[in-house]
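Peer 1: For this one, chain A is given, so just place chains B and C on it according to the hints.
Residue numbers (my numbering), protein chains in the order written: chain A, 192 to 537; chain B, 192 to 537; chain C, 192 to 537.
One should not assume that every hint holds.
Intra- or inter-copy, both count: the list cannot distinguish identical chains.
To be verified - Straight-line distance between alpha carbons at most 27 Å, and here's what the computed DSS-like set of lysine-lysine pairs gives: (1) Lys269 - Lys388; (2) Lys322 - Lys245; (3) Lys225 - Lys193; (4) Lys301 - Lys290; (5) Lys193 - Lys284; (6) Lys340 - Lys301; (7) Lys252 - Lys284; (8) Lys340 - Lys226; (9) Lys290 - Lys226; (10) Lys225 - Lys262; (11) Lys476 - Lys487; (12) Lys515 - Lys526; (13) Lys322 - Lys225; (14) Lys515 - Lys476; (15) Lys193 - Lys226; (16) Lys284 - Lys301; (17) Lys284 - Lys322; (18) Lys516 - Lys526; (19) Lys252 - Lys269; (20) Lys193 - Lys322; (21) Lys269 - Lys382; (22) Lys226 - Lys284.
Keep in mind that the hints were calculated from the coordinates and are not lab data.
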Amino acid sequence: MKFPIQQIAGLLQGEVVGDDTIVIDNLSTLENAKKGCISFLSNPKYENFIYQTKASAVIVKSDFMPAREIKPTLIRVKDPYLAFSILLEEYDKMMSYLKVGIEEPSFIGKGSVTGEEVYRGAFSYIGENVKIGKNVKIYPHVYVGDGVKIGDNTILNPGVKIYSNVQIGNNCHIHAGAIIGSDGFGFAPQKDGTYKKIPQLGNVILEDNVDIGANTVLDCATLESTIIKAGAKLDNLIQIAHNVVIGENTVIAGQAGISGSTKIGKNCVLAGQVGIAGHVDIADKVTIGAQAGITKSIPTEGQIVLGSPAIPVGDFRRVFIVFKKLPELQEKILKLEESVRNFQEG
Amino acid sequence: MKFPIQQIAGLLQGEVVGDDTIVIDNLSTLENAKKGCISFLSNPKYENFIYQTKASAVIVKSDFMPAREIKPTLIRVKDPYLAFSILLEEYDKMMSYLKVGIEEPSFIGKGSVTGEEVYRGAFSYIGENVKIGKNVKIYPHVYVGDGVKIGDNTILNPGVKIYSNVQIGNNCHIHAGAIIGSDGFGFAPQKDGTYKKIPQLGNVILEDNVDIGANTVLDCATLESTIIKAGAKLDNLIQIAHNVVIGENTVIAGQAGISGSTKIGKNCVLAGQVGIAGHVDIADKVTIGAQAGITKSIPTEGQIVLGSPAIPVGDFRRVFIVFKKLPELQEKILKLEESVRNFQEG
Amino acid sequence: MKFPIQQIAGLLQGEVVGDDTIVIDNLSTLENAKKGCISFLSNPKYENFIYQTKASAVIVKSDFMPAREIKPTLIRVKDPYLAFSILLEEYDKMMSYLKVGIEEPSFIGKGSVTGEEVYRGAFSYIGENVKIGKNVKIYPHVYVGDGVKIGDNTILNPGVKIYSNVQIGNNCHIHAGAIIGSDGFGFAPQKDGTYKKIPQLGNVILEDNVDIGANTVLDCATLESTIIKAGAKLDNLIQIAHNVVIGENTVIAGQAGISGSTKIGKNCVLAGQVGIAGHVDIADKVTIGAQAGITKSIPTEGQIVLGSPAIPVGDFRRVFIVFKKLPELQEKILKLEESVRNFQEG
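The shape of chain A in the complex, shown without the other chains (with noise of 0.2 Å):
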């Protein structure tokens, strides 16, 4: 893809300096550019990038003048970052939804529908009686279970697995290798020491605007549906457990475990490989630090926590900092201890 440098500094309502005539292919930083590239001159701190960079154009604010002899283009607006980032946007968004039609070979079960504008990748696979909305990019190596229901503007990364009767709404993107809907880690103990399996019927509802991050895993109900609400934003090789709930725009970072039944409210934070314990309750716009093991309900909006178990996140600081003396206290009991003895025995 290339752009005109007319057509960019249009859309930016910016004014063009130098060579009018070149084209764009991708955006960068100053510091990184190739040729090609635009970029953009924010914070004056950096000024002496825009002399080395390789970029083609640079968006510079209206009242820059270059102290010396300059080699791109600058296009000149109000506001530099803001500029770059309806750029970026722009990009983003056109380079997401550029892929249209079918490659071959592809495989589309009997009672399929697909919408306008779909993508449909080499070697994706589509069931029996599923129904995708309009311009779904669905890449290769990706499977889509019987009876799935995919809403507009979703995109399925490569080799993402979608099991039969998952629910997936409009604008959602899911990241390669995730897998939505596998069975629940469900098993009644027997008598003779085995485990027999609670068959898992349920499926997985995925609302609208949600993110899946590469890798994470989301497991089917047993009955009813696992759910994640509109919004949700979640990172990679993550687990979710049968049975959860989490709620709207709810943020859950790399390698946390969400088990079994767990309800997670809304506008809440986890940070990386924070684990939550089964049939748990957690309220609205709590926040979860790193590596934090939660193993009852948080009833209380608003909490911060942190630990394994976790406490609030200004117990678990003052503690940590008498954690770390702990040798030289125990020193102290020992000295408290010998001079209560001198008294004693004195």
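Peer 2: Below, chains B and C without anything else, positioned relative to chain A:
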């Protein structure tokens, strides 16, 4: 799949009350049921749900008398919960083994054989000299390397990757994205600071009735076999390093990690995010709490441990109570020191 | 693959004793060997195994004299362990690069080129404008996005997914299910509580001799590059966030997670399940113990740390000894308080 209500009643040895011509195509709770679903009412506490449910049929106790008008067809049985469980299992078994035959394109190398009732999904890949038993279900995007052996009734969900020479028993279920037999992580440090790979030529053996969760990884042994013994159940995103042995009927929850050459006994329970160091032996029936870190062998059968590094669970709980009060304890020590100083000075 | 025993003896500069017409097709320990295997006896402690082994050939010391009748052919060498290691490496190299040619169906987009001796497995997908060096092995179900560059002798195991514009060096080995270049986890909070995605347009660079474990995920940088430097070795199920830099010859064990923009020095060792916060710098040759949590930079070369949050390992051990005795310490403090009260009261 649609089942006449009379057929279901026959299976459950129950009596049909109401419209006995309906057909059932799914199972659900009373609350979440749609048309076509069968549900159950066991606990009288939930009786009001039966008057609102959209279920087409409900399994009830033999002596259940509706307090008011009721829409669904009833099946009267002795124990509704047990009857529903039987139905769940039958349905699950039927659905799990529904797929039969070969979808194209699929790939099978020379010298490979499969038994009766096998399913090979589109884009599945079977290498050379592979032996696959009867009623095995190989979903789309599954890779089976050269020389692999798979027993009867085993299910490989979409995207499972089996490296060469892995052996898998009967009635195993491997969930989507699981990797069986990747190279063990063995590197010999060289004088110049680089690492030289130690070849990993062993394999992985899964005995009968083993379940492996989605995106879980089992490395092959260096020369011999990494072994998962009969009846062991592994959840999602678990890491099993080279030369590990997991005992019969041991259950491991999500995101646990077992380092190289560690041996775990039978009927153990490892909770989520547990980490176990290499070359460690764990006795039978040991329980390891969530996020615990095991750095040395646990030779005592039935031991329960918690913490990182882990200690016996009772000890951990007693220690943790004091841990949370550490700032208070420090305060007490300071006061004691002051008192003692006062005594000494006067 | 079958190798005449004479050929093996030639490679090892050893002397054949016994049947010199046999052929070898695998390597094993004495204990696990089957017919066709070659094994070795180095430690005299294990001599009795040589009389029971099913191996067809055994590498022994030049001066080894069997105490009783022996079935396998012997190869006498100076150092049996070294000889066996050489054999292992040769065998491993041969097996790793065995596959050559194109299996169908496979997909390659326009403008893409591959070097000599390339293997492209069935159902592998290569996008547009991809450059692949010689002797590269692309297994089934691998996805290589548009604009990717891959050096010589690199192996991509089944199901690996490489996003657009990723660069991979020579002699890299990426294990099954690994994801390279998925979007970094960047979202800007909006006033209404929702999150807006920050476009992730950078890439990932793997330098030469990098190993990436199964189902490990490496996110692309926001604008620049996430970089794994030459010789770094990453185990399975690791999370590498956007803009991370991993130094030369650094080794990271399974399930570790590195947050965004963190830089790790060279020749570091990170044990399993380690978590590192974002925007942190780790010096060269630092060792981080299993399950440790790193919340701030470690500027001291060669530092060894443990715990969450991590402290120097010696401190951690001293602290942990006292930690386990906390209830006892509390008891002592209560007694001291009583004694002091007694003094004060008279």
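Peer 1: Looking back at the numbered hints, which does the structure fail to meet, lowest number first?
Peer 2: Of the numbered hints given earlier, the structure breaks none, since each of them holds.
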